[in-house]
Amino acid sequence: MSDDTATRGDLDTHVEEDDLLAEGAAGVEAATGIGGGALLSSVAEHLYWAGRYLERAESTVRLVRSHTELFVDLPRSAGLGWAPLLAVTGTRTVFDDGYDKVVEDDVVHFLLAERTNQGSVVASIDQARENLRVTRGMIPQRMWEVLNETSQWVRSTATAGSARHARVMWTEDVIRRFHTLTGIVAVAMSRDLAYAFLELGRLIERADMTTRVLDVQAGILMGSGSQGLAPFTDLTWGAMLRTLGAEQAYRRQMGGVVSARKAVRFLLRDLAFPRSVEHCMLEISRWLLELPYQEGPRAAATTTSMLLDQILIDDLDLNGLHEFVDQVQLGLGDLHVQLEAAYFPARPDGSTT
Amino acid sequence: MLGTDAPRPGCGGVVDYLDRLGEELLARQRAAELAIASMGISFTVYSEKGNIDRAWPFDVIPRVIEINEWSRVAEGLIQRLRALNLFIGDLYGDAKVLADGVIPEEIVKGSPNYRPECIGVVPPLGTWAHISGSDLVRGADGVFRVLEDNLRVPSGVSYMLENRQISKRVFADAFRSLDIQPVDGYPARLQQTLSALTPRPGDTPVIAVLTPGIHNSAYFEHAFLASQMGALLVEGNDLVVGDDDVCRVRTVGGLVQVDVIYRRVDDLFLDPEVFLPDSMVGVPGLMRAWRAGNVAVANAPGAGVADDKVVYAYVPELIRYYLGEDPVVDAVPTYVCLRDDDRRFVLDHLDELVVKPANESGGYGIFIGTSATAEEKEDIRAAVQAEPRNWIAQPIIALSTAPTLCDDRPAPRHIDLRPFILSGENPYVTNGGLTRVALREGSLVVNSSQGGGSKDTWIIDPHVDGSSPPLADIAPAHRGNSQAQEGS
Chain A
1 MSDDTATRGD LDTHVEEDDL LAEGAAGVEA ATGIGGGALL SSVAEHLYWA
51 GRYLERAEST VRLVRSHTEL FVDLPRSAGL GWAPLLAVTG TRTVFDDGYD
101 KVVEDDVVHF LLAERTNQGS VVASIDQARE NLRVTRGMIP QRMWEVLNET
151 SQWVRSTATA GSARHARVMW TEDVIRRFHT LTGIVAVAMS RDLAYAFLEL
201 GRLIERADMT TRVLDVQAGI LMGSGSQGLA PFTDLTWGAM LRTLGAEQAY
251 RRQMGGVVSA RKAVRFLLRD LAFPRSVEHC MLEISRWLLE LPYQEGPRAA
301 ATTTSMLLDQ ILIDDLDLNG LHEFVDQVQL GLGDLHVQLE AAYFPARPDG
351 STT
Chain B
1 MLGTDAPRPG CGGVVDYLDR LGEELLARQR AAELAIASMG ISFTVYSEKG
51 NIDRAWPFDV IPRVIEINEW SRVAEGLIQR LRALNLFIGD LYGDAKVLAD
101 GVIPEEIVKG SPNYRPECIG VVPPLGTWAH ISGSDLVRGA DGVFRVLEDN
151 LRVPSGVSYM LENRQISKRV FADAFRSLDI QPVDGYPARL QQTLSALTPR
201 PGDTPVIAVL TPGIHNSAYF EHAFLASQMG ALLVEGNDLV VGDDDVCRVR
251 TVGGLVQVDV IYRRVDDLFL DPEVFLPDSM VGVPGLMRAW RAGNVAVANA
301 PGAGVADDKV VYAYVPELIR YYLGEDPVVD AVPTYVCLRD DDRRFVLDHL
351 DELVVKPANE SGGYGIFIGT SATAEEKEDI RAAVQAEPRN WIAQPIIALS
401 TAPTLCDDRP APRHIDLRPF ILSGENPYVT NGGLTRVALR EGSLVVNSSQ
451 GGGSKDTWII DPHVDGSSPP LADIAPAHRG NSQAQEGS
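So the protein lines, in turn, are chains A and B.
Everything in the first sequence is counted per the working numbering, starting at 1 for the first residue and increasing by one.
Everything in the second sequence is counted per the working numbering, starting at 1 for the first residue and increasing by one.
What follows is a set of in silico ranges between Cβ atoms, one per label pair, in the way DEER data are often shown: (1) B:A31 x A:E104: 37 to 47 angstroms; (2) A:G90 x B:G365: 53 to 63 angstroms; (3) A:A346 x B:P333: 52 to 62 angstroms; (4) B:A31 x A:M189: 24 to 34 angstroms.
Beyond 10 angstroms from chain A on every Cβ pair, some chain B residues (computed): (5) V102; (6) P357; (7) G369.
Honestly, the hints are just simulated from the structure, not real lab data.
Glycine is no exception: its CB is placed at the ideal position from the N, C-alpha and C atoms.
I would like the entire structure built from these sequences, with the hints used as guidance.
Right under this line is the structure:
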């Protein structure tokens, strides 16, 4: 473990617990000039999860909005259903426990307003709030207030906002509130250790969501029941870009026409677009460099970045895309495990979340 | 519009202001409730269905105290805490106070908050109760009296600060025209008080607020104070004490030495090595680290011995004994049933007294003479005679009232006041404190967990604002009842 790693807090040196135990602690004191500068392991974990839940809530809203728009755009003969949303969010099993059929109203309500669905927008905001409640001191006061307002507003309006006629307006409203949160963090939060963990949570969740969206798109187009969609492929890739707020950036970067290969390349490899997997991985690596004890997490991030470097998108078919995305997701999972091992407090019962 | 009684001297400007608001006052109350929701100010209520996070109950009509009166009270509280700190240090040191017969040994050593584990320890600056919250009441004579001292983990100061934030939002205009003393200096003063205790002077101390966790009813306050002081908010398992008796906190950068712990965990849960072995919220070895002088703990373990209800009766004598001064702020006259004369008086005057068990809290086991049945009277008589050490008695106090919005109309409700006192090199008393109000008509229960509310407390200097009209223009001609009115 190197002692020369730069940290974003004011920690000058760091001491490993094992060293302390071995040396009886004498002489290996962490020299500090800190008041609130050190970041507790437990607080780091809460911030990381807050980042993940905030990002998850926002992407779920985007997902519902763009799918709704696509659904409205396509003729019935296209056969587009609502099951893909459950697939993207990985909530099909939970959904089937509570609902009989995959129909629009139920799926949308389940994703936006259902509290028993841990991945719903309402539940994600609540969990972000719970994590930030115990770390209130680490975030701008105004962020906490806006999150409270958002939480209350979303809870009281989500059911009404799920109705198709109100849905697009409602999702725009929620997204605007998330932008406020993001803006407060951008201008009012110091780029310190606390920010690093909040950001790492957001970036990992963001990369994960982008791969999920890609995967499901591939799934829709591969699916046997979806031949009806074939004439509308461009529309569906466009909707996918909109889900990720990427449509405008894509058109400028890749030229106006939406094609499958270019869209995949853009979302996986574009260096500049914030929701591309490549960009997320770059940012993750940049933040990891600022942390002490970064070796494990950095190795995991590098493995995933190398996957991206080596993929030949021109040779990729839909099946290959699915397999590739699977590998990236496993890599992100490993990164999470490495962060947990390096920074988060060990739990007596061995559980991880 | 604010009730039938005349306001206290000095409150005229505030009364005038509220009168001019008229019905607008209700809109301000709504605005305050919105602010509370968006600021996420909450407290936790324990119930069988689990813990509920409730919005903080706040009444928008301020409680007003005139600055000269308050200065005198503050002086008295500092004096009181000086004596109490000397007393605690003496008890765990040479115990001269016992040898001199000022207070009976059995009272001290029989207290459930007496900790033999603290004998021989000399904490930094000789201070034991660094942060205390003394509950004050006004009786029918209008005089502030200390009802009890809280020297262990007093809570409420964050609500005092948040109440001010809210009233500044909704009464911004009043804060411009009335000279209301600020309260927001408290976190900085607390930080200084704690910093002064560091075992490593010269370096910026690492201060941690030790909380039992999110499920504690005062968690909001723990987080608030840590944040305001720029201190770490920690739970027991964030801290580790090594064989070298040094306390450290687990951070993402490794273990970092902690210099000062502001603990909001009761003594008995503090260190499973010394106290309750199955405590989940404590830090094994913390007492070792404290006794070795490697970490300061505020309030010091054992400080609670001085907020025993029987010890309370002796505080005026302790002030004279340690300081050679008369008490500046009054206490409620207290009869100690252990003393023969007192006991005889109590048994002869049960009708007029409140009889309290010495070692219960939260209002349990209290006998109120005016509302007791003959049977209850006989029971208390037998109990006092059987175990006189366990009982004290006090005259019944008619708590003062303040106008409070109830069903959108101002109505008198009983109130108390908890100021916070910092003891150390530079003693400090909050400007006012947390005013708690019993929202049910006639009720004396001010606890937020039992339907109590709160008010902002304005310490004002009536002579600063020349625009305040003379009192005679405002005071209605008649007085409705004998109880003292705050503010109005």
